[in-house]
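Protein chains in written order, with my numbering: chain A, 1 to 107; chain B, 1 to 122.
In short, the hints are calculated from the structure, not lab data.
Warning: the hint list may mix true and false statements.
Pairs of lysine to aspartate or glutamate, DMTMM-like flavour, derived with a Cα cap of 25 Å [claimed, not checked]:
hint : chain 1 : residue 1 : chain 2 : residue 2
1    : B       : Lys106    : A       : Glu55
2    : B       : Lys43     : A       : Asp82
3    : A       : Lys42     : B       : Glu88
4    : A       : Lys107    : B       : Glu1
5    : B       : Lys106    : A       : Glu105
6    : A       : Lys107    : B       : Glu46
7    : A       : Lys45     : A       : Asp70
8    : B       : Lys106    : A       : Asp50
9    : A       : Lys107    : A       : Glu81
10   : A       : Lys45     : A       : Glu81
11   : A       : Lys42     : A       : Asp82
12   : B       : Lys75     : B       : Glu88
13   : A       : Lys42     : B       : Asp54
14   : B       : Lys43     : A       : Glu81
15   : B       : Lys106    : A       : Asp70
16   : A       : Lys45     : B       : Glu110
17   : A       : Lys45     : A       : Asp17
18   : A       : Lys107    : B       : Glu88
19   : A       : Lys107    : A       : Asp82
20   : B       : Lys43     : B       : Glu88
21   : A       : Lys42     : B       : Glu46
22   : A       : Lys107    : A       : Asp50
23   : B       : Lys43     : A       : Asp70
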Amino acid sequence: AIQLTQSPSSLSASVGDRVTITCRASQGISNALAWFQQTPGKPPKLLVYDASTLESGVPSRFSGSGSGTDFTLTISSLQPEDFATYYCQHFNSYPHIFGQGTRLEIK
Amino acid sequence: EVQLVQSGGGLVQPGWSLRLSCAPSGFIVSNSFINWVRQAPGKGLEWVSIIYSDGRTFHADSMQGRFTISRDNSKNIVYLQMSSLRPEDTAVYYCARARGGNAAHKTVSEYWGQGTLVTVSS
Numbered sequence: 001a002i003q004l005t006q007s008p009s010s011l012s013a014s015v016g017d018r019v020t021i022t023c024r025a026s027q028g029i030s031n032a033l034a035w036f037q038q039t040p041g042k043p044p045k046l047l048v049y050d051a052s053t054l055e056s057g058v059p060s061r062f063s064g065s066g067s068g069t070d071f072t073l074t075i076s077s078l079q080p081e082d083f084a085t086y087y088c089q090h091f092n093s094y095p096h097i098f099g100q101g102t103r104l105e106i107k
Numbered sequence: 001e002v003q004l005v006q007s008g009g010g011l012v013q014p015g016w017s018l019r020l021s022c023a024p025s026g027f028i029v030s031n032s033f034i035n036w037v038r039q040a041p042g043k044g045l046e047w048v049s050i051i052y053s054d055g056r057t058f059h060a061d062s063m064q065g066r067f068t069i070s071r072d073n074s075k076n077i078v079y080l081q082m083s084s085l086r087p088e089d090t091a092v093y094y095c096a097r098a099r100g101g102n103a104a105h106k107t108v109s110e111y112w113g114q115g116t117l118v119t120v121s122s
């Protein structure tokens, strides 16, 4: 199975900061990657699919990039509602593995 | 409006079986791709299974043979039948409608249910 490794596992940042989260696949997956945001007690929310396509309604401060094995999710200017846990997931083949998550905390 | 209402969770003993239900509104399950994803307490997300609009199913290796996804088109409900439950199956289970269509991203979860807690303990 293709594994995904996210880094960092946790991150402290301030409102207005630019942050980048990385997701590395154990083998090439083309652009078959999605990013989700989850806040405590809530289901995940789809942010990005096809590595770089923003889901409808997601603020433009979110962006995704990458192809093959290395991917990034960038938040250009953190807002208070962005403090959450972020997960990548591939959909190249089964099983559709998730990364272990990156917890974004307020500094 | 797309919504998914989940039910069927609860406390069961190891070795028991349980069936989770996912009842959508705003769309028809037979035309959709539906995922199940679980999250153990304080842990990350784990993909469990998917059923395609054409009826094909796929399951995570660790749950193959114990968990089965199915649907009842007449009731417009998707099920996750879980058997031989273990304490490590304790989690919140989410059903989610995928984007659908013909592109590779058809299996990406777009709309999520509220989740249902399954606790396996003696």
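Worksheet item: For which of the previously enumerated hints does the structure constitute a violation, in increasing order of number?
Response: 4, 5, 6, 12, 13, 18, 22
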